[in-house]
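Keeping their order, the protein sequence lines are chains B and W.
Heads up: the first sequence begins at 1 in this note's numbering, then just goes up one per residue.
Heads up: the second sequence begins at 1001 in this note's numbering, then just goes up one per residue.
Treat the hints with care, as some may be off.
[Said to hold, decoys possible] One-sided and incomplete, this derived list gives chain W residues near chain B with beta-carbon spacing under 10 Å:
no., residue
1, G1038
2, K1153
3, L1156
4, A1166
5, A1167
6, M1220
[Stated by the list, open to error] Computed beta-carbon distance windows for the label pairs:
no., chain 1, residue 1, chain 2, residue 2, range
7, W, G1095, B, H15, 20 to 30 Å
8, B, E137, W, R1173, 28 to 38 Å
9, B, G167, W, F1264, 33 to 43 Å
10, W, F1264, B, Q80, 35 to 45 Å
11, W, F1178, B, R109, 17 to 27 Å
12, W, L1111, B, E137, 50 to 60 Å
13, W, R1173, B, S198, 33 to 43 Å
Read the hints as simulated data drawn from the structure, not as lab findings.
We treat Cβ as the ideally placed atom computed from N, Cα and C, and that holds for glycine.
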Amino acid sequence: MTYAMSVQNLFVSYHGEEALHDINFTIEKGKLVGIIGPNGAGKSTLLKSLLELIPKDQGTVEVFGKSINEMRKKIAYVPQRSDMDWTFPISVIDTVLLGTYPGLGVFRRPNKKHREWSYHCLEKVGMEKFSQRQIGELSGGQQQRVFLARALAQKADLFCLDEPFVGIDITSEETIVRILKELRDEGKSVFVVHHDLSKANTYFDELILLNKELIDVGPVSEVFRPEIMMKAYESQLTFMKQNEVTV
Amino acid sequence: MEFIHALLEYTFLQKALLTSVMVGIICGVIGCFIILRGMALMGDAISHAVLPGVAISYMLGINFFFGAVLTGVLTAVGIGYVSQNSRIKNDAAIGIIFTAFFAIGIILISLVKSSTDLYHILFGNVLAVRSSDMWITLVIGIIILAAVYAFYKELLVSSFDPTMSAAYGLPNRLIHYFLMTLLTMVTVASLQTVGVILVVAMLITPAATAYLLTNRLSVMIFMSAAFGAISAIFGLFLSLIYNVASGAAIVLVSTFLFALAFIFSPKQGVLFRTIRARKAKSVLQDKSLS
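Please work from the sequences and hints to get the whole structure.
This is how it looks when you write it as structure tokens:
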């Protein structure tokens, strides 16, 4: 069978320092997947190296049974909010319209149909009233919803979101989770880098638990158990224990 | 009126005006992408780095356009290579590479020619524009505008969200060097109008002015081009009336336009910001009093 994501022997390093060590997993199509782990575990690094946005030292990644370069136009990526320049002169609707670019190729321009489709995607995330605003005038949660609308506009098969819930309001978080679940129900595959353990078990179908190496991967019911979660967070806990001893 | 009479009478003035307006427009257009990508320093670097190219072209007796583009692009590649392959940060790499190229340029020019030519390259001499220079500027201008029009989508998305553009398969690095090539061509076109030293002002100031006035990239590009052209016209006018250096006069007009926008821009200007802040404060005070 073809998997949404199939990863073998993935190694990634930053300036000679190993960030990810021998990652192997497969994820079926149509799953909502959480990538979790402690700070510095390499969650965003994993997502970026899966999409070959950063170079890998070794390993193969296949998306829907094909190389990433064959699938790029069908992959929507939502960056971390802190990575963006929010003073850029672009309106909300034009930001969503960017989502139609991958389907257009180089010389074609978006037309009225693309604009209407983008507006429709804005409606889905409940942001149509803000369509003419400059992107920086929105709150964090609203910005995240606009970027989700952009991903929707791309009509992708694989959605990758890097820490979408950091510093956003509860309404936006609920809207985003609802839409991600709808996408999953339509058969799309969704990968989300996530750091808040409290909601991990209600948001996701599958978890990839990471701490520089793969600790565990599988359905939430199997991975989200104290004895397994402890393994990923162990180093932080031993550090605390050691501190207690020495203090 | 005298300016218009002079303009009708002297062809060298007509050439000067046409050339500097074209330069104002293309600098304004490319400048938008330069400031939005945070590459103002890069603009400064490339403009200085064309100097050795100009000198070498002169020695070989070829059009200075070719040498200038060569050393300009070499500089961009050199800066990229140093910052990607060492712990040296981008701004420091820029400082190292472009000063080296500039120094080579100064030595080459002092070897082959008198210092008056160096002065003209550094500070421009728009009144000495020849017909061939005017045509080169026109051709460069058409290439620049056509390139920006054709690749507008790609330039927009890779400037705003390079991660997204990489994710869907755009060659970000190629786009970067493509833009650096356009930047070099703009610099070469500007040599005679404002000179090497002040090109960066024409790249950044009109674009920054437009940036304060609009929230739309397409509008920003048109406004920036307009500010560049207006600066060229009025700068040239002032330089004739008061008999001062044309490049400097053009730059100061663009600075004046920037100052106006900086103070009076409805959304970003200092004046309305202060007024809005005062209002908000007094509303709060009224509330707490009542």
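Quiz item: Does A1167 (chain W) pass the interface check with chain B, least Cβ-Cβ distance below 10 Å?
Solution: Result: holds, 4 Å to nearest chain B Cβ.
Exercise. Using 10 Å as the Cβ threshold, decide whether L1156 (chain W) counts as touching chain B.
Key: holds, 8 Å
Quiz item: Given M1220 (chain W) was flagged as interface, is its beta-carbon under 10 Å from a beta-carbon of chain B?
Solution: holds, 5 Å
Quiz item: Honestly, do R1173 (chain W) and S198 (chain B) meet the 33 to 43 Å range at C-beta?
Solution: holds, 41 Å
Practice problem: Classify the hint on K1153 (chain W) as holds or violated, based on whether any CB of chain B lies nearer than 10 Å to its CB. | Solution: Constraint on K1153 (chain W) satisfied, holds at 6 Å.
Quiz item: For the pair F1264 (chain W) and Q80 (chain B), does the Cβ-Cβ distance stay inside 35 to 45 Å?
Solution: Once the Cβ atoms are compared, 36 Å apart, the range 35 to 45 Å for Q80 (chain B) and F1264 (chain W) holds.
Exercise. Check the following: the C-beta atoms of G167 (chain B) and F1264 (chain W) are separated by a distance inside 33 to 43 Å.
Key: With a Cβ separation near 34 Å, G167 (chain B) and F1264 (chain W) satisfy 33 to 43 Å, so the hint holds.
Quiz item: Taking 50 to 60 Å as the hint, is the beta-carbon distance of L1111 (chain W) and E137 (chain B) inside that range?
Solution: holds, 56 Å
Quiz item: Could one say that the CB atoms of F1178 (chain W) and R109 (chain B) fall in the range 17 to 27 Å?
Solution: Roughly 19 Å apart at Cβ, these two residues keep to the hinted range, so it holds.
Exercise. May I ask you to test the hint 28 to 38 Å on the CB atoms belonging to E137 (chain B) and R1173 (chain W)?
Key: holds, 32 Å
Quiz item: Does the hinted range 20 to 30 Å hold for G1095 (chain W) and H15 (chain B) at CB?
Solution: holds, 22 Å
Practice problem: For the hint on A1166 (chain W), just tell me whether its beta-carbon gets within less than 10 Å of chain B. | Solution: holds, 5 Å
Checked against the numbered hints above, the structure breaks none of them.
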